[in-house]
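Trainee: Sequence:
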Amino acid sequence: MPVEIVTVPCLSDNYAFLVHDSVTGRTALVDVPEAAPVLNALSARGWRLHEVWLTHHHPDHVQGLARVLQDHQAQVTGADADAHRLPPLNRRVRDGDTFDFAGQSVLVLDVSGHTRGHIAFYMPDADAAFTADSLMALGCGRLFEGTADQMWDSLTKLMALPPETLICSGHEYTASNAKFALTIDPDNPELISRNEEIATARAAGIPTVPSTLALEMATNPFLRASSPDIRARLGLPDATDAQVFAEIRARKDAF
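Just so we're aligned, residue 1 is where the sequence shown starts under full-length UniProt numbering, counting upward by one.
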């Protein structure tokens with residue numbers, strides 16, 4: 001039986017994720033922007049928390065952890081490269097490492113760019129990847145610490161996952177990302193349709209996260225650096241994909 005994934009809205013525009021296996025009763029939490037929504041979601045379902053997986057060190061992804069751990073004795077996993085600025089870790093992981101959760105394999109991917117040491121967690125049996133602020137719905141994270149080349153390498157790594165993979169990203173930025181995407185790829189019918197769906201969902205208070213990798217590949221301009229239409233619009237017909245990505249990222253920063 002597939003695991004159940006619950007999207008937990010936190011703060012003003014963050015998301016945490018609960019990953020629950022009904023057979024074993026084990027539950028993992030991906031990132032902890034704040035404690036109360038997570039604790040309420042666990043209580044409402046009668047779940048105990050066993051593991052916490054941290055993607056990167058930014059406060060809006062870890063600051064609720066201490067309070068959650070007061071109520072749940074959970075093992076904390078994070079990047080070995082980021083351990084010096086993460087909360088105390090029980091398990092340190094690196095790119096390519098795997099660990100077991102409730103009988104399912106979890107693959108660790110280094111997706112540096114937004115920060116150095118940012119990791120994603122990919123569960124192939126669940127068709128889900130927890131990408132936080134690397135690959136986001138219709139976007140990617142701002143390059144606070146890494147370079148455009150690093151982020152492009154990270155996105156390329158994520159694009160190699162199966163298209164049906166659920167992309168569980170860390171923020172509700174999708175509506176604003178869509179406005180920008182339409183300036184880069186205005187004639188993309190799938191993007192136009194997605195923009196309309198996003199507006200409807202947000203008007204109803206429905207999260208637009210998670211999405212699927214297939215949808216991101218079709219509509220997210222940060223994954224579409226090879227598109228001839230986008231290259232022509234940017235005046236970069238002969239640039240490398242990494243150079244096109246860097247230009248798109250620079251335009252988003254100024255948008």
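If you're looking for bench data, these hints aren't it; they were derived computationally from the structure. C-beta atoms are modelled at their ideal positions from N, C-alpha and C, and glycine is treated no differently. Treat the hints loosely; a few may be bogus.
To be verified - With a Cα cut of at most 27 Å, we get these calculated BS3-like pairs of lysine-lysine:
{"#": "1", "residue 1": "K179", "residue 2": "K252"}
{"#": "2", "residue 1": "K179", "residue 2": "K157"}
{"#": "3", "residue 1": "K157", "residue 2": "K252"}
Unchecked claim - Beta-carbon label-pair distances, calculated as ranges:
{"#": "4", "residue 1": "A239", "residue 2": "Q70", "range": "48 to 54 Å"}
{"#": "5", "residue 1": "D95", "residue 2": "D241", "range": "17 to 23 Å"}
{"#": "6", "residue 1": "D149", "residue 2": "P186", "range": "46 to 52 Å"}
{"#": "7", "residue 1": "M159", "residue 2": "S193", "range": "41 to 47 Å"}
{"#": "8", "residue 1": "D241", "residue 2": "A66", "range": "37 to 43 Å"}
{"#": "9", "residue 1": "P207", "residue 2": "R67", "range": "32 to 38 Å"}
{"#": "10", "residue 1": "A203", "residue 2": "T24", "range": "35 to 41 Å"}
{"#": "11", "residue 1": "T240", "residue 2": "A83", "range": "32 to 38 Å"}
{"#": "12", "residue 1": "A239", "residue 2": "T7", "range": "52 to 58 Å"}
{"#": "13", "residue 1": "D149", "residue 2": "R67", "range": "34 to 40 Å"}
{"#": "14", "residue 1": "T24", "residue 2": "P237", "range": "50 to 56 Å"}
{"#": "15", "residue 1": "R67", "residue 2": "D229", "range": "44 to 50 Å"}
Trainee: Work down the list of hints and note, for each, if the structure agrees.
Mentor: Hints, verified against the model:
1. K179 <-> K252: Holds - the C-alpha atoms of K252 and K179 are around 10 Å apart, at most 27 Å.
2. K179 <-> K157: holds (26 Å)
3. K157 <-> K252: holds (22 Å)
4. A239 <-> Q70: 48 to 54 Å: holds (51 Å)
5. D95 <-> D241: 17 to 23 Å: holds (21 Å)
6. D149 <-> P186: 46 to 52 Å: At roughly 27 Å between Cβ atoms, P186 and D149 fall outside 46 to 52 Å, so the hint is violated.
7. M159 <-> S193: 41 to 47 Å: Given range 41 to 47 Å: violated, Cβ gap about 21 Å.
8. D241 <-> A66: 37 to 43 Å: holds (41 Å)
9. P207 <-> R67: 32 to 38 Å: violated (23 Å)
10. A203 <-> T24: 35 to 41 Å: holds (39 Å)
11. T240 <-> A83: 32 to 38 Å: holds (34 Å)
12. A239 <-> T7: 52 to 58 Å: Cβ of A239 to Cβ of T7: about 36 Å, so the range 52 to 58 Å is violated.
13. D149 <-> R67: 34 to 40 Å: holds (38 Å)
14. T24 <-> P237: 50 to 56 Å: holds (53 Å)
15. R67 <-> D229: 44 to 50 Å: holds (48 Å)
The structure fails to meet hints 6, 7, 9 and 12 from the earlier list, while all remaining hints are met.
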